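Enquirer: Sequence:
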Amino acid sequence: MNNNNNRSTQSRRRQKKMTSVQKLFKTCKEVFASGGTGIIPLPRDIEKLRSILDRIRPENVGLEPEMPYFRTSRARRRMPKITYLHIYECETFSMGIFCLPPSGVIPLHNHPGMTVFSKLLFGTMHIKSYDWVTDLPPHNPTSFKPNEIESSEVRLAKVKVDANFTAPCNTSILYPADGGNMHCFTAVTACAVLDVLGPPYSDPHGRPCTYYHNYPFSSFSVDGISIAEDQEEKAYEWLQERDKPEGLQVVGTMYGGPEIVVEH
Numbered sequence: 001m002n003n004n005n006n007r008s009t010q011s012r013r014r015q016k017k018m019t020s021v022q023k024l025f026k027t028c029k030e031v032f033a034s035g036g037t038g039i040i041p042l043p044r045d046i047e048k049l050r051s052i053l054d055r056i057r058p059e060n061v062g063l064e065p066e067m068p069y070f071r072t073s074r075a076r077r078r079m080p081k082i083t084y085l086h087i088y089e090c091e092t093f094s095m096g097i098f099c100l101p102p103s104g105v106i107p108l109h110n111h112p113g114m115t116v117f118s119k120l121l122f123g124t125m126h127i128k129s130y131d132w133v134t135d136l137p138p139h140n141p142t143s144f145k146p147n148e149i150e151s152s153e154v155r156l157a158k159v160k161v162d163a164n165f166t167a168p169c170n171t172s173i174l175y176p177a178d179g180g181n182m183h184c185f186t187a188v189t190a191c192a193v194l195d196v197l198g199p200p201y202s203d204p205h206g207r208p209c210t211y212y213h214n215y216p217f218s219s220f221s222v223d224g225i226s227i228a229e230d231q232e233e234k235a236y237e238w239l240q241e242r243d244k245p246e247g248l249q250v251v252g253t254m255y256g257g258p259e260i261v262v263e264h
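For the sequence shown, full-length UniProt numbering assigns the number 1 to the initial residue and increments by one for each residue that follows.
It should be emphasised that the hints constitute simulated quantities derived from the structure, not laboratory data. Because the structure is a prediction, the values reported are computed rather than measured. Each hint should be verified, as a subset may be incorrect.
Said to hold, decoys possible - Label-pair restraints from in silico Cβ distances:
no., residue 1, residue 2, range
1, His126, Arg242, 14 to 22 Å
2, Thr72, Gly36, 19 to 27 Å
3, Gly62, Lys29, 15 to 23 Å
4, Pro65, Ala33, 30 to 38 Å
5, Asp135, Glu59, 39 to 47 Å
6, His205, Thr72, 35 to 43 Å
To be verified - Taking lysine-lysine pairs in the DSSO-like style, the calculated list, with each CA pair at most 27 Å apart, reads:
no., residue 1, residue 2
7, Lys234, Lys81
8, Lys26, Lys128
9, Lys17, Lys128
10, Lys48, Lys26
11, Lys48, Lys17
12, Lys244, Lys128
A virtual CB, placed ideally from N, CA and C, is assigned to each residue, including glycine.
Kindly produce the complete structure, drawing on both the sequences and the hints.
Expert: See the structure below:
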């Protein structure tokens with residue numbers, strides 16, 4: 001009996017000592033255990049992970065707004081440098097923190113086949129996100145090649161979010177085909193966002209990162225596509241694939257906050 005009591009006491013002590021980032025890792029491991037491209041975790045698992053992320057604060061991951069990551073360089077750059085703090089990555093999920101100085105931008109990009117949790121740790125960030133339009137009547141085009149622009153065709157997308165968010169705020173979640181799978185982050189002030197991707201980007205597994213230009217709906221006129229009277233044109237835009245934006249500099253470095261213990 002004494003041995004059992006000792007083990008129980010030790011277990012409780014370990015649970016009390018578990019850091020926020022360790023809890024996050026443990027929960028991600030459970031939630032994404034049987035994940036894969038396009039597989040969305042069960043609603044109860046999504047809420048469990050969201051709850052963990054909602055409680056995480058900058059100090060829980062060793063961040064302070066005064067750190068060098070969040071300072072704007074004196075050198076004139078079209079796009080301020082962004083730092084990515086790598087926490088953990090495996091085949092089923094990844095954890096990391098984007099550190100953006102004021103005016104830093106993570107350009108419009110997608111998350112193919114992924115469920116993504118984004119937690120703004122501090123600062124104010126503008127988020128604009130889109131989903132592809134898929135509910136047009138049959139035979140109506142959702143993509144086409146306009147004469148006005150060169151290269152690839154454009155595709156119709158609906159704006160899901162276009163607003164500023166200031167920490168503390170709830171964790172945002174996007175899904176493979178809903179919730180704003182394509183999004184752009186713009187730092188209004190210095191800010192940090194903790195990202196959990198399940199599964200992570202992987203070119204060999206058909207999950208590359210694609211960047212986009214966006215155009216107002218009124219930029220092009222297409223036969224068979226019109227906006228219903230109860231919808232605003234600004235709620236729709238045309239997206240066009242593009243190369244990685246010139247000047248975008250994301251510098252990866254190792255995370256320096258509380259250590260996580262990887263249990264196999």
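Enquirer: All the hints need checking, so say for each whether the structure fits it.
Expert: Going through the hints against the structure:
no.	hint	in the structure
1	His126 - Arg242: 14 to 22 Å	holds, 20 Å
2	Thr72 - Gly36: 19 to 27 Å	violated, 40 Å
3	Gly62 - Lys29: 15 to 23 Å	holds, 21 Å
4	Pro65 - Ala33: 30 to 38 Å	holds, 35 Å
5	Asp135 - Glu59: 39 to 47 Å	holds, 44 Å
6	His205 - Thr72: 35 to 43 Å	holds, 36 Å
7	Lys234 - Lys81	violated, 30 Å
8	Lys26 - Lys128	violated, 30 Å
9	Lys17 - Lys128	violated, 38 Å
10	Lys48 - Lys26	holds, 11 Å
11	Lys48 - Lys17	holds, 20 Å
12	Lys244 - Lys128	holds, 18 Å
In summary, the structure is inconsistent with hints 2, 7, 8, 9 from the numbered list given earlier, while agreeing with the others.
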